[in-house]
Amino acid sequence: ADAVNLMVAALEAKDLLYLAKIAASLQMQTFVTVTSAKQIADLGILPAGSIHGLLVSNRNLEDFSCDMSGQQVLDILASQELKGFREKHGQDNTIVLAEGRIGIISCDG
421 ADAVNLMVAA LEAKDLLYLA KIAASLQMQT FVTVTSAKQI ADLGILPAGS IHGLLVSNRN
481 LEDFSCDMSG QQVLDILASQ ELKGFREKHG QDNTIVLAEG RIGIISCDG
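The sequence shown maps to residues 421 to 529 in my numbering.
These are computed hints drawn from the structure, not numbers from a lab.
Just so you know, even glycine gets a beta-carbon here, dropped at the ideal spot from N, CA and C.
Heads up, a few of these hints could be off.
Derived CB-CB ranges, DEER-like [unchecked claim]: (1) Lys458 <-> Ile515: 13 to 23 angstroms; (2) Ser489 <-> Tyr438: 33 to 43 angstroms; (3) Glu482 <-> Ser445: 25 to 35 angstroms.
From just these sequences and the hints, can you work out the full model?
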């Protein structure tokens with residue numbers, strides 16, 4: 421395998437850190453899946469450059485339903501937590517992908 425996808429909601433901070441270190445030692449890329457801005461803030465324990473991609477999901481992990489409006493993902497994409505994450509891990513070095521239906525995104529400017 422070339423990459424690992426860690427679900428932040430399913431891991432305690434120490435486990436997230438440990439698994440990311442193992443992936444790095446195996447020369448694997450680390451991707452993380454988040455469903456909230458709080459989970460992005462929880463990534464602060466990981467060293468800069470240790471995450472290669474962020475998957476933003478609109479799933480409710482309790483029942484695996486989807487937010488069909490896409491508002492959950494849009495809120496995460498507009499969050500200060502994501503801005504801080506991108507500053508730490510590099511705007512150009514980390515891919516941010518939105519998973520699932522996010523509706524129509526409007527941009528001002």
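Here's how the hints hold up against the structure:
1. Between Lys458 and Ile515 the beta carbon distance is about 21 angstroms. The supplied range of 13 to 23 angstroms therefore holds.
2. The supplied range of 33 to 43 angstroms is met by Ser489 and Tyr438, whose beta-carbon atoms lie about 36 angstroms from each other.
3. Distance hint check for Glu482 and Ser445: the Cβ-Cβ separation is about 33 angstroms, which falls inside the suggested range of 25 to 35 angstroms.
This entry satisfies every hint, going by the numbered hints stated previously.
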